[in-house]
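Novice: Sequential numbering from 1 applies to the sequence shown in UniProt numbering.
One or more of the hints may lead you astray.
[As the list claims (entries may be wrong)] Below, computed lysine-lysine pairings styled on DSS-like, alpha-carbon distance capped at 30 Å:
id : residue 1 : residue 2
1  : Lys-25    : Lys-44
2  : Lys-9     : Lys-45
3  : Lys-45    : Lys-25
4  : Lys-28    : Lys-45
5  : Lys-44    : Lys-28
6  : Lys-44    : Lys-9
Honestly, the hints are just simulated from the structure, not real lab data.
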Amino acid sequence: MINFDDFLKVDIRVGMIRRAEPFPKARKPAYKLWIDLGETLGVKKSSAQITEQYRPEDLENQLVLCVVNFPPRQIADFMSEVLTLGVDGHDNSGVILLQPERDAPLGSRVY
1 MINFDDFLKV DIRVGMIRRA EPFPKARKPA YKLWIDLGET LGVKKSSAQI TEQYRPEDLE
61 NQLVLCVVNF PPRQIADFMS EVLTLGVDGH DNSGVILLQP ERDAPLGSRV Y
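Kindly generate the complete structure, drawing on both the sequences and the hints.
Specialist: Have a look at this one:
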């Protein structure tokens, strides 16, 4: 169990995918994402294993939720700067992105 203060240490923000492309150098099928997190945080990169549920052209302008305060992680030749959040789909159908129910300002914090 963690307490509420531990949860607040995880900085989850609303972002919008501005660009998505295949990432053939990743060990597991993935896309490279460029996510706009608003004026303060800017555009950050993320590697996401979401190829079973999404095509790159369908991801642009989608709102997503991202953890922004993990250290960057090198994935092949790509530096992933934020963790894009998702959940497992039914019957191993791939990862489904977590998204706000309604439009929210880019960079808004999740509480």
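Novice: All hints are to be evaluated individually against the structure, with a verdict given for each.
Specialist: Outcome of the hint check:
1. Lys-25 with Lys-44: holds (19 Å)
2. Lys-9 with Lys-45: holds (21 Å)
3. Lys-45 with Lys-25: Roughly 15 Å between the alpha carbons, so the hint for Lys-45 and Lys-25 holds.
4. Lys-28 with Lys-45: holds (17 Å)
5. Lys-44 with Lys-28: holds (21 Å)
6. Lys-44 with Lys-9: holds (19 Å)
Comparing the model with each earlier hint shows no violations; every hint is respected.
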